[in-house]
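Sequence order for the protein chains is A and B. Take 1 as the starting number for the first sequence in our numbering and just add one per residue. Take 1 as the starting number for the second sequence in our numbering and just add one per residue.
Treat the hints with care, since some could be wrong.
Derived EDC-like pairs (lysine to aspartate or glutamate); straight-line CA-CA distance at most 20 Å [as the list claims (entries may be wrong)]:
no.: 1; chain 1: B; residue 1: Lys100; chain 2: A; residue 2: Glu103
no.: 2; chain 1: A; residue 1: Lys161; chain 2: A; residue 2: Glu138
no.: 3; chain 1: B; residue 1: Lys135; chain 2: A; residue 2: Glu46
no.: 4; chain 1: A; residue 1: Lys110; chain 2: A; residue 2: Asp84
no.: 5; chain 1: A; residue 1: Lys43; chain 2: A; residue 2: Glu90
no.: 6; chain 1: B; residue 1: Lys105; chain 2: A; residue 2: Glu46
no.: 7; chain 1: B; residue 1: Lys105; chain 2: A; residue 2: Asp153
no.: 8; chain 1: B; residue 1: Lys190; chain 2: A; residue 2: Glu85
no.: 9; chain 1: B; residue 1: Lys99; chain 2: A; residue 2: Glu47
no.: 10; chain 1: A; residue 1: Lys108; chain 2: B; residue 2: Asp102
no.: 11; chain 1: B; residue 1: Lys99; chain 2: A; residue 2: Glu104
no.: 12; chain 1: B; residue 1: Lys214; chain 2: B; residue 2: Glu269
no.: 13; chain 1: A; residue 1: Lys43; chain 2: B; residue 2: Glu134
no.: 14; chain 1: A; residue 1: Lys34; chain 2: B; residue 2: Glu134
no.: 15; chain 1: B; residue 1: Lys208; chain 2: B; residue 2: Glu269
no.: 16; chain 1: B; residue 1: Lys99; chain 2: A; residue 2: Glu46
no.: 17; chain 1: A; residue 1: Lys32; chain 2: B; residue 2: Glu134
no.: 18; chain 1: A; residue 1: Lys97; chain 2: B; residue 2: Asp204
no.: 19; chain 1: B; residue 1: Lys105; chain 2: A; residue 2: Asp16
no.: 20; chain 1: B; residue 1: Lys135; chain 2: A; residue 2: Glu31
no.: 21; chain 1: B; residue 1: Lys100; chain 2: A; residue 2: Asp39
no.: 22; chain 1: B; residue 1: Lys135; chain 2: A; residue 2: Glu104
no.: 23; chain 1: A; residue 1: Lys137; chain 2: A; residue 2: Asp115
no.: 24; chain 1: B; residue 1: Lys208; chain 2: B; residue 2: Glu262
no.: 25; chain 1: A; residue 1: Lys145; chain 2: A; residue 2: Asp100
no.: 26; chain 1: B; residue 1: Lys62; chain 2: A; residue 2: Glu47
no.: 27; chain 1: B; residue 1: Lys62; chain 2: A; residue 2: Glu46
no.: 28; chain 1: B; residue 1: Lys105; chain 2: A; residue 2: Asp100
no.: 29; chain 1: B; residue 1: Lys190; chain 2: A; residue 2: Glu90
no.: 30; chain 1: B; residue 1: Lys99; chain 2: A; residue 2: Glu103
no.: 31; chain 1: B; residue 1: Lys139; chain 2: A; residue 2: Glu46
no.: 32; chain 1: B; residue 1: Lys100; chain 2: A; residue 2: Glu104
no.: 33; chain 1: A; residue 1: Lys97; chain 2: A; residue 2: Glu138
no.: 34; chain 1: B; residue 1: Lys99; chain 2: B; residue 2: Asp83
no.: 35; chain 1: B; residue 1: Lys193; chain 2: B; residue 2: Asp204
Rather than coming from a laboratory, the hints here were simulated on the basis of the structure.
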Amino acid sequence: CRAQPFGSVPVIQDGDYTLYESRAIIRYYSEKYKSQGTDLLGKTIEERGLVEQWLEVESQNFHPPIYNLTLHVMFASVLGFPADELLIRESEEKLGKVLDVYEERLSKSKYLAGDFFSLADLSHLPFTQYLVGPIGKEYMIRSRKHVSAWWDDISSRPSWKKVLQL
Amino acid sequence: MKKGIKWKFAASSFQLTPLFPLPLYLSIVWLRTEQNTKAKLFFPLCLLSAAKSTMAAVAPVKVYGPPLSTAVSRVLACLIEKDVAFQLVPVSMAKGEHKKPDFLKLQPFGQVPAFQDDSISLFESRAICRYICEKYPDKGNTALYPANPLAKASVDQWLEAESQSFNPPSGALVFQLAFAPRMKIPQDPKAIKLNQDKLKKVLDVYEKRLSESKFLAGDEFSLADLSHLPNADYLVDVAGKGEVFGSRENVGRWWEEISGREAWNKVKELRKSA
């Protein structure tokens, strides 16, 4: 695939400019359109630092186990390989430990980076939607009081609802 | 391990001014024994000129973690490139210090590094690197994370490629080939083969990219290239896998260039003296 040398999606084209990697794309648009809509990067260098921190947490700690769950629970049969039950159990356990840290964080802070909704929260929407839906593990969110409230808040944003309708 | 007392000097840098030709300055000297107890001793030191030094004193920037850690060394490389003075606070992972309550306050996942300066406490090495570049835009290497949105997005794209595509297989190989033997953990031949194949595919993409561009994000060395240094260095120097880079013309050229950087060699020196 010429547009994306690693052969994955998404890719965007903004005029002559091509960009891939979803977290690079969302950073780009958040900066480009900083003065309109929600400020997804915070207002100061320090707030930005915290947004980057939790965006990296999503990327390094949250994403790997939930990606394994998605692949093996949702897509194994579709893609024609046997679901790895051991990997599913291990991934669920790992994800649970990550969500325990989130529970602690969200008991002190309305959103991950602070009292403002940011890219860090947004980045969790797609796979968590799978978790509470087709993966069938909504209990992992609901059994954690603050994670549950946070999920209700961010998933009821009009922007996310529009995405779900696409 | 060094026997006896290990001195850590926190030396202050002060400027000579005409009003105080021969000032005496107090400096704090930290005394640290092998058992990790601390005692403060105060004694006067003679005037010091404002010399550049990475031994920071009143330097507010602290990095917590062992320099042997790939993620810790990523942050150190960035700080040295940016010419930002810092204090490296050791964390003994062998003794489980990274899982103790004091450290978990800094990094709730129990991972290294953690970072502090006068206004913030942060973790995640790539977030820390971005923060350092934004906080000190005019210091040291100013091209690491450009202000121009398109140039910055290109760096973010390749930082993400490192984080999502290069880091998992290279990290797994570094563990299997460099660390597992030392930790007396049996190697997993299936995991080694799987990750070698994955890494090969990633480096094929890099080979094409680096035939069109001097560095990953463009014509200048950036955070995107820097972020590869820790894992790649272990692959080449400890795991003996230099041929994955050397066998590819453009990747080989790129690796020679980035691994020869002064800042990276200073990180390697810090590792040796740790």
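Status of the hints after comparison with the structure:
Distance hint between Lys100(B) and Glu103(A) is fulfilled; the C-alpha atoms sit about 19 Å from each other, no more than 20 Å. For the hint pairing Lys161(A) with Glu138(A), the CA-to-CA distance comes to about 18 Å; that is within 20 Å, so the pair holds. Using a Cα cut-off of 20 Å, the hinted pair Lys135(B) and Glu46(A) holds, with the two alpha carbons roughly 9 Å apart. The hinted pair formed by Lys110(A) and Asp84(A) fails the criterion: a straight-line CA distance of about 36 Å is larger than 20 Å.
With a CA separation close to 38 Å, the supplied pair Lys43(A) and Glu90(A) exceeds the 20 Å bound. With a C-alpha separation of about 18 Å, the suggested pair Lys105(B) and Glu46(A) falls inside the 20 Å cut-off, and the hint holds. Restraint check: the Cα-Cα separation between Lys105(B) and Asp153(A) comes to about 27 Å, which exceeds 20 Å; the hinted pair is violated. A threshold of 20 Å between alpha carbons decides the hint, and for Lys190(B) with Glu85(A) the separation of about 18 Å falls inside it, so the pair holds.
At most 20 Å may separate the alpha-carbon atoms for a hinted pair to count; Lys99(B) and Glu47(A) exceed this at roughly 26 Å. The hinted pair formed by Lys108(A) and Asp102(B) meets the criterion: a straight-line CA distance of about 18 Å does not exceed 20 Å. Distance restraint check for Lys99(B) and Glu104(A): the Cα-Cα separation of roughly 16 Å lies within the 20 Å cut-off, and the hinted pair is therefore satisfied. Using a Cα cut-off of 20 Å, the hinted pair Lys214(B) and Glu269(B) is violated, with the two alpha carbons roughly 27 Å apart.
With a C-alpha separation of about 13 Å, the suggested pair Lys43(A) and Glu134(B) falls inside the 20 Å cut-off, and the hint holds. As the CA atoms of Lys34(A) and Glu134(B) are separated by approximately 16 Å, the hinted pair is consistent with the 20 Å bound. Taking the CA atoms of Lys208(B) and Glu269(B), the gap is near 33 Å; set against the 20 Å cutoff, the hint is violated. Our distance criterion of 20 Å between C-alpha atoms is broken by Lys99(B) and Glu46(A), whose separation comes to about 26 Å.
Pair hint Lys32(A) plus Glu134(B) holds up; C-alpha atoms about 16 Å apart against a cutoff of 20 Å. For the suggested pair Lys97(A) and Asp204(B), the alpha carbons sit about 35 Å apart, so the restraint of at most 20 Å is broken. A hinted pair counts as satisfied when its Cα atoms are at most 20 Å apart, and Lys105(B) with Asp16(A) does not qualify at roughly 46 Å. Between the alpha carbons of Lys135(B) and Glu31(A) the distance comes to roughly 16 Å, so the proposed pair stays at or under 20 Å and holds.
Distance check on the hinted pair: Lys100(B) and Asp39(A) sit about 36 Å apart at the alpha-carbon level, beyond 20 Å; violated. Proposed proximity of Lys135(B) and Glu104(A) is contradicted: the alpha carbons are some 28 Å apart, above 20 Å. Note on Lys137(A) and Asp115(A): the hinted pairing is violated, with a Cα-Cα distance of about 27 Å set against a maximum of 20 Å. Taking the CA atoms of Lys208(B) and Glu262(B), the gap is near 27 Å; set against the 20 Å cutoff, the hint is violated.
Distance hint between Lys145(A) and Asp100(A) is fulfilled; the C-alpha atoms sit about 11 Å from each other, no more than 20 Å. Distance hint between Lys62(B) and Glu47(A) is fulfilled; the C-alpha atoms sit about 19 Å from each other, no more than 20 Å. Between Lys62(B) and Glu46(A) the alpha-carbon distance is near 16 Å, which keeps this suggested pair within the 20 Å criterion. Proximity of Lys105(B) to Asp100(A) is assessed by CA-CA distance (about 14 Å); at most 20 Å being required, the pair is judged to hold.
As the CA atoms of Lys190(B) and Glu90(A) are separated by approximately 18 Å, the hinted pair is consistent with the 20 Å bound. For the hint linking Lys99(B) to Glu103(A), the alpha-carbon distance of about 18 Å falls within 20 Å, and the restraint holds. Taking the CA atoms of Lys139(B) and Glu46(A), the gap is near 18 Å; set against the 20 Å cutoff, the hint holds. Taken as a hint, the Lys100(B) and Glu104(A) pair is honoured in the structure, with Cα atoms around 16 Å apart against an allowance of 20 Å.
Restraint check: the Cα-Cα separation between Lys97(A) and Glu138(A) comes to about 15 Å, which is no more than 20 Å; the hinted pair holds. With a CA separation close to 31 Å, the supplied pair Lys99(B) and Asp83(B) exceeds the 20 Å bound. This hinted pair checks out: Lys193(B) and Asp204(B) have alpha carbons roughly 17 Å apart, not beyond 20 Å.
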